[in-house]
Structures are given as structure tokens and as C-alpha cells.
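Asker: Residue numbers (this note's numbering), protein chains in the order written: chain A, 1 to 196; chain Y, 1 to 232.
Derived from the structure by calculation, the hints contain no laboratory data.
Here's a subset of chain A near chain Y, in silico, CB distances under 8 Å, partners left out:
| id | residue |
| --- | --- |
| 1 | 31 |
| 2 | 41 |
| 3 | 45 |
| 4 | 47 |
| 5 | 75 |
| 6 | 76 |
| 7 | 80 |
Even glycine gets a Cβ: it sits at the ideal position worked out from N, Cα and C.
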Amino acid sequence: MDRTEMPGGIEGAPSTAGVSAPLESRAGSQSKLPSILLLVLAAAALFRIVTAVTDKGSGPEEVGKAGLIRWTSLSTAQATARDSGKPILYDFTAEWCGPCRMLDGDGWADPRVAAFVNDAFVPTRVLDRVREEGRNPTLVDELQRRYGVGVFPTLVVAAPDGRQIAVAQGYSGKQMLVEFLEGSRAKAAASPIVPR
Amino acid sequence: MIRRFVRQKFGSGGLVAALTVLALLEILNLSANGVERGFAMANWAIFILAAGSVSRDISSGALQMILARPIRRTRYLYGRYAGILASYAVFLVVTSVLASLVVEFLVPRSPSATELPPDALAAGLGAAFLSGAFQAAILLFFSTFLPGIADLLGLLLLYLILNLPQLSQAPWLRTLAENARENMLPSVEWSAVFRGDGVFGAATGRWIFALTVYLVLAAVVFSRRELPYGQD
Chain A
1 MDRTEMPGGI
11 EGAPSTAGVS
21 APLESRAGSQ
31 SKLPSILLLV
41 LAAAALFRIV
51 TAVTDKGSGP
61 EEVGKAGLIR
71 WTSLSTAQAT
81 ARDSGKPILY
91 DFTAEWCGPC
101 RMLDGDGWAD
111 PRVAAFVNDA
121 FVPTRVLDRV
131 REEGRNPTLV
141 DELQRRYGVG
151 VFPTLVVAAP
161 DGRQIAVAQG
171 YSGKQMLVEF
181 LEGSRAKAAA
191 SPIVPR
Chain Y
1 MIRRFVRQKF
11 GSGGLVAALT
21 VLALLEILNL
31 SANGVERGFA
41 MANWAIFILA
51 AGSVSRDISS
61 GALQMILARP
71 IRRTRYLYGR
81 YAGILASYAV
91 FLVVTSVLAS
101 LVVEFLVPRS
111 PSATELPPDA
121 LAAGLGAAFL
131 SGAFQAAILL
141 FFSTFLPGIA
151 DLLGLLLLYL
161 ILNLPQLSQA
171 PWLRTLAENA
181 RENMLPSVEW
191 SAVFRGDGVF
201 GAATGRWIFA
211 LTVYLVLAAV
221 VFSRRELPYG
231 QD
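Whenever a hint applies, use it, and build me the whole structure from the sequences.
Answerer: Take a look at the structure:
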């Protein structure tokens, strides 16, 4: 018997009516983990898996599994940018948009471009769903309004506090894309980050 | 257990004084900066409320007296957690209400004056509460095996370990740290979630799972821990 458990053992009422259980088993029952904990953990794990799968399968940030970019979820992009101090690269895109597929297949699929983007920005995709569903999620509408997006693709580089740093409309090839990304990074570095 | 936590915490004059000062600073901050940057002080309140929540009871010997009653250790542990959250919720609500009254009645009306619209205030308060609940779970976990308020040091180290690799030149190290941070200290844009975007998103899933893991780990460690007699 562990002497430190003695108080619990002495005063702990045995669960079996009128039968005095051994002290050790009572001390043990005090330390026993309720089985509901395992159930809660299992439920949280299941939720974690389901949300990860569904977010990847249909989320706007993963549409077309574009290229080699590690897209950040739209809902966490600003928090990630604040934590990392990197500017956000918004890729405003749509499923029906041809030039957007060119950007995915040519620009975002290039290992050098992808490495540069993953390193310098918090990349996130903003998928327009008006043509398919008649309306966009609130956050997508809000971002399109804020940056005045009217054509696809549109790339917007913004500071973690949301200030627009640079914008490019359409896709004119990899060379132009690289120039835009490099120029935006330089502008972002020169632009002081407003503390929040 | 919740009542005991509240009695114990608010029975200490120093702690009440510290929380009062923080509340005043929080009210000033909210009144001056609005909701966007207004809850910056709230994290300090959770540190004060949650630090050493279990370890102090162990070192003072109070825990042995509590466990003299036939209650499960997990009930004690989660009672402490609920006590922390209840106190923190009261802190947030009181400071938010007082800040609203200050903005409404004391701040002179001008186009540039801060506004605290109720919906934005409620969203900010909810985000601060959930963020505090996560920090409190980590502190509770560390408090089950670290002495005194070393749980704060544990939390600080966890943040440093997961954030310092960002300064590294090695991409693999940065990627490793980013993945670890995403899973161990997940960020959620709560304002978007409250608007209905990403409620069932991957970030929310990661956050809920990580919170559950910290709380279950705390229970596992605490249930198996040998409790020494008090040293105070």
C-alpha cells in the first residue's frame, strides 16, 4: 500500500454495499480513468480525421490540388500570417476558369516557384462558387470585395493585417509570375508590419 | 471543485489585485483600440488563473486532504479546469461590459472614436475565451507533473521549440516545425468560424483534437502520479 494513498483508502467509501473492499483496490479506483475519456478522445480523433479529409476534398484552398504549393486553409491564413510574419498570397480562382488551370498546371506545378511561394508567403486559395452554387461563402465575398476582384485568376499579396501590397490579374506565363512574386516579396519586406 | 478553486484563487489578495489591474488595463485597451486589438491582455489573465493550478495543491499537501474523500482524481482535475474557465469567462464578460459602458458614456463622440458593436464584441470575447481554454489545458497538463508555476515555463518552452525553427535556413526543419505547430498549437480564425466559415474545417478539427489530447494526457499523468506529503 502506498502510504500517500492511505487517506483515500481509509475514508473512501466502498462501492459495494456493506462489503469492505481492500484498501489498495479503493485507492486504485480513485486513480482509475473514466472510460468516457477514451470515448471523448476517440470522438475528437474521428472529428479530426473527417474534417481533414473533407477539407482536403472539397475545400476552396485545395481545389484541383493545385501544384506543389502547401495551401493554407482560408480560415487560418490570417492567423498563420500573423504568427509567421509572412505576407499572404491570395489566389482568387474558379473551377470554370481556363487561365486558372494554366496557372495551376504551369506556375504552381513548378518546383522552384512552389519552393519560393512556400518559403516567402502564406499561400491560400479563394474559390469563387457563384457560377456553380449561385453564391459564395461570406468570407470569399468579403475578400473579393476588399481586393476588388473581378477577373480570374487574380493574385493578391497582402500584409498579415490585410493591407494590399500587390495585385496581378490573369496569367501571362511563368516568367511574369516569378517577377510578380519576387517584386511582391520585396515590397512586403519594405512595408512595415502593423502590430496587432 | 469549481467552488473550491474560486474560493482558493480569490482568497489571495495578491491575485485579486493582479486581476483587478489587468481588468482595468483590458478595459482601457478595449475602449482605446476596439475589439480587433482589445483582448491582448486577456492572455495574462489566463496565465494568472491557470498557473500552478494542480502543482500548488500537491506541494501544500491540500490535495492529499481533498483526495481523502472518495472522489476520482479526474473529477478533481477537471473541476480545476472548469474553475479556471468559469473565472476566465467572468473576467472577460465583466471587462467587456465595463468597456462597452466606458465607450458609450465616457468617450467623447467623434468620427474617430472607438466603437464596440455588440456582435463584434461577442465574437472577440468568444475567440479570447477559446484561445484561453486552449492555453489553460496546456498549463493544466504541465501542472500535473511540474512543480510550482514551472508549468508557465513549460508553455513558454513549447512555444519556443515550435517557433524558433522559423529562423532556421533548413527548409526541412521549418516544415517539420510548421507541421508540429499546426498539430500541437493549432490556430483557428475564430471570427470566420463564428460567421459560419470553416466550422467543420481542418483547423477546427485540429484544435479540438489537440485540446482533447492535452486534457486526456493531463488525466493520465495525474492519475498515475505518486503524491508526496506537502512541503509548505
